[in-house]
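**Q** This is what each chain is made of:
There are 2 protein chains.
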Amino acid sequence: MAEDKNLSKIQQPPEIVVLGPPAIFRTYSKEFSSKFRLLKPWESPLPLAEFLEAHAHSTRAALCSGVFSLSAAVLANLPSLQLVVTTSAGLNHIDLVECRRRGIAVANAANIFSADVADLAVGLLLAVLRKISAGNRFVKNGFWPDLETYPLGFKLGCKKVGIVGLGSIGLELAKRLEPFGCEISYHSRNKKPFVPYVFYPDIFELAVASDILILCCALTEQTHHMINRGVLLALGKKGVIINIARGGVIDEKELVACLASGEIAGAGLDVFENEPCVPNELFGFDNVVLSPHCAVFTEESFGDLYELVSGNLEAFFLNKPLVSLVEME
Amino acid sequence: MAEDKNLSKIQQPPEIVVLGPPAIFRTYSKEFSSKFRLLKPWESPLPLAEFLEAHAHSTRAALCSGVFSLSAAVLANLPSLQLVVTTSAGLNHIDLVECRRRGIAVANAANIFSADVADLAVGLLLAVLRKISAGNRFVKNGFWPDLETYPLGFKLGCKKVGIVGLGSIGLELAKRLEPFGCEISYHSRNKKPFVPYVFYPDIFELAVASDILILCCALTEQTHHMINRGVLLALGKKGVIINIARGGVIDEKELVACLASGEIAGAGLDVFENEPCVPNELFGFDNVVLSPHCAVFTEESFGDLYELVSGNLEAFFLNKPLVSLVEME
Numbered sequence: 001m002a003e004d005k006n007l008s009k010i011q012q013p014p015e016i017v018v019l020g021p022p023a024i025f026r027t028y029s030k031e032f033s034s035k036f037r038l039l040k041p042w043e044s045p046l047p048l049a050e051f052l053e054a055h056a057h058s059t060r061a062a063l064c065s066g067v068f069s070l071s072a073a074v075l076a077n078l079p080s081l082q083l084v085v086t087t088s089a090g091l092n093h094i095d096l097v098e099c100r101r102r103g104i105a106v107a108n109a110a111n112i113f114s115a116d117v118a119d120l121a122v123g124l125l126l127a128v129l130r131k132i133s134a135g136n137r138f139v140k141n142g143f144w145p146d147l148e149t150y151p152l153g154f155k156l157g158c159k160k161v162g163i164v165g166l167g168s169i170g171l172e173l174a175k176r177l178e179p180f181g182c183e184i185s186y187h188s189r190n191k192k193p194f195v196p197y198v199f200y201p202d203i204f205e206l207a208v209a210s211d212i213l214i215l216c217c218a219l220t221e222q223t224h225h226m227i228n229r230g231v232l233l234a235l236g237k238k239g240v241i242i243n244i245a246r247g248g249v250i251d252e253k254e255l256v257a258c259l260a261s262g263e264i265a266g267a268g269l270d271v272f273e274n275e276p277c278v279p280n281e282l283f284g285f286d287n288v289v290l291s292p293h294c295a296v297f298t299e300e301s302f303g304d305l306y307e308l309v310s311g312n313l314e315a316f317f318l319n320k321p322l323v324s325l326v327e328m329e
Numbered sequence: 001m002a003e004d005k006n007l008s009k010i011q012q013p014p015e016i017v018v019l020g021p022p023a024i025f026r027t028y029s030k031e032f033s034s035k036f037r038l039l040k041p042w043e044s045p046l047p048l049a050e051f052l053e054a055h056a057h058s059t060r061a062a063l064c065s066g067v068f069s070l071s072a073a074v075l076a077n078l079p080s081l082q083l084v085v086t087t088s089a090g091l092n093h094i095d096l097v098e099c100r101r102r103g104i105a106v107a108n109a110a111n112i113f114s115a116d117v118a119d120l121a122v123g124l125l126l127a128v129l130r131k132i133s134a135g136n137r138f139v140k141n142g143f144w145p146d147l148e149t150y151p152l153g154f155k156l157g158c159k160k161v162g163i164v165g166l167g168s169i170g171l172e173l174a175k176r177l178e179p180f181g182c183e184i185s186y187h188s189r190n191k192k193p194f195v196p197y198v199f200y201p202d203i204f205e206l207a208v209a210s211d212i213l214i215l216c217c218a219l220t221e222q223t224h225h226m227i228n229r230g231v232l233l234a235l236g237k238k239g240v241i242i243n244i245a246r247g248g249v250i251d252e253k254e255l256v257a258c259l260a261s262g263e264i265a266g267a268g269l270d271v272f273e274n275e276p277c278v279p280n281e282l283f284g285f286d287n288v289v290l291s292p293h294c295a296v297f298t299e300e301s302f303g304d305l306y307e308l309v310s311g312n313l314e315a316f317f318l319n320k321p322l323v324s325l326v327e328m329e
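Quick mapping for you: the protein sequence lines, in order, are chains V and F. No gaps in the numbering here: position 248 of the first sequence is 248 in our numbering, and each next residue is one more. No gaps in the numbering here: position 91 of the second sequence is 91 in our numbering, and each next residue is one more.
Quick caveat, the hints were computed from the structure, so don't treat them as lab data. Misleading hints may appear alongside valid ones.
As the list claims (entries may be wrong) - Derived DSS-like pairs (lysine-lysine); straight-line CA-CA distance at most 30 Å: (1) Lys140/F / Lys253/V; (2) Lys237/V / Lys30/F; (3) Lys175/V / Lys238/F; (4) Lys175/V / Lys253/F; (5) Lys237/F / Lys30/V; (6) Lys160/V / Lys140/F; (7) Lys238/F / Lys30/V; (8) Lys160/V / Lys253/F; (9) Lys238/V / Lys253/F; (10) Lys175/F / Lys191/V; (11) Lys175/V / Lys191/F; (12) Lys140/F / Lys237/V; (13) Lys175/F / Lys192/V; (14) Lys175/V / Lys30/F; (15) Lys140/V / Lys140/F; (16) Lys192/F / Lys140/V; (17) Lys30/F / Lys238/V; (18) Lys35/V / Lys140/F; (19) Lys140/V / Lys237/F; (20) Lys175/F / Lys238/V; (21) Lys191/F / Lys140/V.
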């Protein structure tokens, strides 16, 4: 019998379980439905574990959002699972040790979002330095005719920018910041060859040397709360911090305290420790720009992501190599 | 008698009249006071014309803000005037014909602000495309925990950006946008030699070819209302417009109408036709980011501007060449 060349020749569409669900699933649910039989736990009154036990005993593939905690306990309810496709670049929400132990392959969004995330980092940085969101509120509240002066912002040019994590996003970011006249340096696990920026093996030293810190590293045991009170104080009273990595990279309580006491000058935050909960103290600060974890939320990226995610799922069911397999050591 | 080499040797500090007053005057008023005797019409109960007639009959130099209308009528009250130093790059607020006729020299801010203005243009563009100000309001209003989804924004990469006016600011802007992956073209009075971007002699054609228009031309008789309804419709329903030039370059009523009816997708505006009055209709649009004409408002630029402005005034009183004389044809 000839091997099936594409999914349309398979009589019964393959089954996947959707966990989260990821934001892209809402935008592209019709397209996913036309290719796959979808198990949607969130539409059931059953608790997740019971739902999976009842319906997903033989399900081989899962589509998972970047904020859904795919723990060993959840994985235990999916005994036939062979593939997890996450719509995120980050993997901190997945128990990778358990996946490796059980031989479950993981595919992610690879570098598909790097440009959009770097763009948002620049946008947040300019919004903080140049008071763009505060200015918008000032004009829209009708304050301009009454108050003659609007407070001065800060120039981006000549600022020393420390990039924390010089991966795909960090490199996109550096490329964008150079023509603004920024001086780039970085911290990462290892010094990168062929990179013209100054490397700081110690995050504290990078903070001392920087006017601005931009976080774009993965959240791991090593990076959890890497930005602690000491690093924030080293960044200093004129320092600005931008986080488009993961909330847990910063000790959020200390960040709030440093912003409240003026120990640092401002922050642009797309991510938080307990999303979607954001410390209320931050709501009143004009020098803080908050963003609802939407660094990857563009129509264009979602289109690209849909192609990548469905490409991974189709490849799996056709026994072809995955498009963006995560290499696990 | 030896010529005075610097102002400190002149017994009586020279007199200048301050018109506006410019924003920098507030920040650096002490420094100005230490170098010059200042006439401050706004502190007097007299109407401006009467104040000038009474006190400024022999005043030879004026320091003028970028929004103060230095008309022939005002100039008539300053019969001894030989120099106007404006704190703006733009000259549209000064009656240059009358200055030329009377032999009054004009010095401006030259290119001192170009980088800051280009930075704000990029910041406004990212704020509109990536919904940064709207996202900040969304989180600060506490909506995030209740509403699961935040609307998608648009990617800056691959967008066709039409720059209107490829002077110092326009070139700074192009340099910044290239690494974002934008495709740059431009409209200006003349095609620029040695520039790699496509030139459109017709603004309408540029709008047809662009996803985004960024205005950074001077306001002149030729550019007044250059962005009319036809150009806005040519930009189209997915088009975004950024104005960091002068409000009068756009027909503001038509812009409001096009935004209200969805004929264009969004706008980032630092300047308006009747500042500080802004059309109230714009206050309700999430796809419009407003800014109180503060493209040059950074601490760093104000420091540089103070040096340039006081340098021009000092040079004048010492009979030395002006630092940033405006060439008048």
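**Q** Compare the structure with each hint and give your call.
**A** We went through each hint and held it up to the structure:
The hinted pair formed by Lys140/F and Lys253/V meets the criterion: a straight-line CA distance of about 17 Å does not exceed 30 Å. Under the criterion of a C-alpha separation no larger than 30 Å, the hint pairing Lys237/V with Lys30/F is consistent with the structure, at around 25 Å. The hinted pair formed by Lys175/V and Lys238/F meets the criterion: a straight-line CA distance of about 27 Å does not exceed 30 Å. Between Lys175/V and Lys253/F the alpha-carbon distance is near 39 Å, which puts this suggested pair outside the 30 Å criterion.
Between the alpha carbons of Lys237/F and Lys30/V the distance comes to roughly 26 Å, so the proposed pair stays at or under 30 Å and holds. Taking the CA atoms of Lys160/V and Lys140/F, the gap is near 29 Å; set against the 30 Å cutoff, the hint holds. Our distance criterion of 30 Å between C-alpha atoms is met by Lys238/F and Lys30/V, whose separation comes to about 24 Å. Of the supplied pair hints, the one linking Lys160/V and Lys253/F is violated, its CA atoms being roughly 42 Å apart against a limit of 30 Å.
Restraint check for Lys238/V and Lys253/F: not satisfied, since their Cα atoms lie roughly 41 Å apart, outside the 30 Å limit. Between Lys175/F and Lys191/V, the direct Cα distance comes to roughly 28 Å. Compliance with the 30 Å bound is thereby established for this hinted pair. Simply put, Lys175/V and Lys191/F have alpha-carbon atoms about 28 Å apart, close enough for the 30 Å limit, and the pair holds. Annotation: proposed proximity of Lys140/F to Lys237/V holds, straight-line Cα distance about 24 Å (limit 30 Å).
The straight-line distance between the Cα atoms of Lys175/F and Lys192/V is roughly 26 Å, inside the 30 Å bound, and the hint therefore holds. Taken as a hint, the Lys175/V and Lys30/F pair is broken in the structure, with Cα atoms around 41 Å apart against an allowance of 30 Å. Between Lys140/V and Lys140/F, the direct Cα distance comes to roughly 16 Å. Compliance with the 30 Å bound is thereby established for this hinted pair. At roughly 38 Å between alpha-carbon atoms, Lys192/F and Lys140/V are farther apart than 30 Å, so this suggested pair is violated.
Annotation: proposed proximity of Lys30/F to Lys238/V holds, straight-line Cα distance about 24 Å (limit 30 Å). Proposed proximity of Lys35/V and Lys140/F is contradicted: the alpha carbons are some 39 Å apart, above 30 Å. A distance of roughly 24 Å separates the Cα atoms of Lys140/V and Lys237/F; the hinted pair therefore holds under the 30 Å criterion. This hinted pair checks out: Lys175/F and Lys238/V have alpha carbons roughly 27 Å apart, not beyond 30 Å.
About 38 Å separates the Cα atoms of Lys191/F and Lys140/V, which puts this hinted pair outside 30 Å; it is violated.
The structure is inconsistent with the numbered hints 4, 8, 9, 14, 16, 18, 21, although it conforms to all the rest.
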